[in-house]
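Number of protein chains: 2
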Amino acid sequence: MKNKQQNILIIGAGLCGSLLALRLGQRGYNVTVFEMRPDLRKTDISAGRSINLAFSDRGNKAMKLVGIEDKVKALCIPMNGRMLHDKEGNTFLSNYSGREHEYINSISRGELNGLLLTEAEKHDNVTIHFNKKCKSVDFEKTTALFQDYNTKKEFVEDADAIFATDGAGSAMRKSYYLGKKFLFSFSQDYLTHGYKELSILPTKTGDYKTYKNALHIWPRGAFMLIALPNLDGSFTVTLFLGYDEGEYNFNNLTTPEIVTEFFQKEFPDALELMPNLVEDFFDNPTAPLGTVKCSPWHYKGNTLLMGDSAHAIVPFYGQGMNASFEDVVEFDAVLDKHEGNWETVFTEYEKNRKKDTDAIADLAIDNFHEMKDHVGQAIFQEKRKIEMALEKEFPKDYSSKYSLVTFNEHIGYREAMLKGRAQDKAILNMLSDGVISPTGNMKDILNKVKQETEAILEDDRVAGLK
Amino acid sequence: MKNKQQNILIIGAGLCGSLLALRLGQRGYNVTVFEMRPDLRKTDISAGRSINLAFSDRGNKAMKLVGIEDKVKALCIPMNGRMLHDKEGNTFLSNYSGREHEYINSISRGELNGLLLTEAEKHDNVTIHFNKKCKSVDFEKTTALFQDYNTKKEFVEDADAIFATDGAGSAMRKSYYLGKKFLFSFSQDYLTHGYKELSILPTKTGDYKTYKNALHIWPRGAFMLIALPNLDGSFTVTLFLGYDEGEYNFNNLTTPEIVTEFFQKEFPDALELMPNLVEDFFDNPTAPLGTVKCSPWHYKGNTLLMGDSAHAIVPFYGQGMNASFEDVVEFDAVLDKHEGNWETVFTEYEKNRKKDTDAIADLAIDNFHEMKDHVGQAIFQEKRKIEMALEKEFPKDYSSKYSLVTFNEHIGYREAMLKGRAQDKAILNMLSDGVISPTGNMKDILNKVKQETEAILEDDRVAGLK
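Chains as they are written, first to last, in full-length UniProt numbering: chain A, 1 to 466; chain B, 1 to 466.
Only chain A is shown next, with the shape it has when bound in the complex:
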């Protein structure tokens, strides 16, 4: 291997940046990381970001790559399915998969990030600086301008290659956009919904107030509430709601009375677990939900966007962190092939990867509608019932779209999307036409679904569609 003394600059020590620093450190590069926030291992900062996250197989693939799978497992709370709550307080557990070993996990963002930072710093060739905010990147000179949070002094850092893992609001992406030195395709798309984090605290004895091993959902058509467990017995609860549509929205939930009325009417069983609702509601910010896509991610062999800075997505597939971790795995594989030529590495990485991050962005929007609405509709529930049975009876022959995306890390998001959407369309239409039903013979249904799915994909191919 050549050029091992190369100096790598990473902007941002969040989940993606700290994993990248660890991996490039393991590979022998001189890695310097600058992070705008203080060291989260020493300070309690949630900084408006989700407190816990869904961690699943694609993310775990990256943990295996860097050899910390077991340490991460200790931070995980398995969630076997969605616990659906209706307005009357009835609950129904809908498993994520018909295969018992397939489940997702709730994990603390802070704990996981801290672990990655600590693992990265074990390498002498990795240095991490905190409280240094990136202001801009000169991608032609391969330098970045930073400001020290405490002294306010600005300084310039030089490197052989710069990686921006500075999130959805990336300073380097802004430099690409404003620089106008090349054609930069870029989009930011906001939903008309925002979100607000709330909490269900533990019982006095430190126990969970409701079922621990599930992702709880209160789907209400136009809006929803969800809850994920934390190791300390609490749940982090998130309300997804329109800013200004519908009878209740973030713009008109302005008093303790109306907030309580809203929860009493829509989420009475949750309200019972949340005596702290009003305090949380007015203490915590309302944040927007946006998707960012862009291209190119790299400028020559000088600079590369990775993680949310290249592809921020809405949280509804639980894949944001997993996708960013998978970036590092994909990047590492390209590095194996072309190490020594950054331009080739960056070009091939983007060529391989972008179709998949575009797909998960679109899938996450799909799931927004599925979670808040479809999960409550009869035909979607029948589809789910059939898919669970197929996965259980034919574990090697069938995977639902959710399983393809979440538990099949050997195929890309795009392939999972195309196959998964065609399967959904096949099942929903055969249900609607009475060709199949949840009480039918499952072997027969499996064959029909496979045949119809292939026919749908073939029709799209002939028509020149994707």
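Since the hints were derived computationally from the structure, they do not count as laboratory data. Among the hints, a few may not be true.
One copy or two, it doesn't matter: identical chains are merged, so the pair holds either way.
The calculated BS3-like cross-link candidates involving lysine-lysine, where the alpha carbons are at most 30 Å apart (straight line), are [to be verified]:
#, residue 1, residue 2
1, LYS419, LYS355
2, LYS135, LYS180
3, LYS180, LYS152
4, LYS209, LYS351
With chain A fixed as given, assemble chain B onto it according to the hints.
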């Protein structure tokens, strides 16, 4: 009607801005227009923009609204179809419709814009200022900052409502984006192809060197050349080519020899008509092809984006100008309903209109692939043959996607897209499966196409797809 003395500020006196000024002038508003360029009726400026454009039924609907249909007709050269040129110089005319009265027109951007300016200025309540460039808009105060091109002095203009019709690079859209006062969804997407304008000059006697009443296309799979006629006997020729892909591209066409070699090999019959090729090629700029979408278009009742500033599209459907003209027709209809309340007018206009401008943006990308590639493929040619026959034999019962978009101005672009795409998919799949063929009974084919199209739309509806 109330508030007729309201002061309206229009930024940009291009095709959309001058039409809007004319219409609002007719409605009695005090209209002031500021345009960054000099008066194109007095100066010869092409300013890097297309010299001629495709004008069709949606655009004409707007000309009828403002009462200048006949004056515009005098500027039009009918194009009945696409004249396809293969590599051997063979030509084949493919009509745009099986109905004889359906055709598109080539029109001079400068002549048409000049006519609209002159018509607008006939109204005492309309004033147009040239050489005044908009720098930014304060959408909260409803003011705009301009700079005078000659004196370089800056000045601020106040209004009751501001309309930005300042094109794809809109200053007001930039103010929306940079202002961060509201969630602004925005995308700019570039193709990997650019374009360059060339020309076929008239003969010495002023005649056309090739067939006048067609849009000429030299489709070559990965790139193409097109030509549209001008009233003076010339054709404006446009080369669409990758920046850096393929054997020949804009980055490597750097010498007269290689440019000539490229045309000799790919477009020999065009080269014969273009002794001026090399001069044109190196005199004229290479420009990018981009799509812009955004939302919201308006800020309260203060400001509104219209035309390319709200929705710039690639030129491959010949609908850019027509869509912007249709904006004014749609806006005028909403104004009839809610005149006096700008916020209601702007909100309802965007609600009605955005789905359609999003659709034409996507259709224009579809047609890029159709024009450069599909038109040369056997199955697409068979489809076209069937559709022409259906339109001719059953003029009231069938319209191809192209006809729905171009000649059916009573339905929106989105409806045209959904129905047209489903029809294409139906015909291509039935051709591929041998269910229909161009030599079959047309009444039978019509029924099969209608039935299959409806089935495709129904399957999408059941699956929750649009």
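Comparing the hints with the structure gives:
no., hint, in the structure
1, LYS419 with LYS355, "both (15 Å within a copy, 27 Å between copies)"
2, LYS135 with LYS180, "both (17 Å within a copy, 18 Å between copies)"
3, LYS180 with LYS152, "both (28 Å within a copy, 24 Å between copies)"
4, LYS209 with LYS351, "neither (47 Å within a copy, 44 Å between copies)"
Of the numbered hints given earlier, the model fails hint 4 alone.
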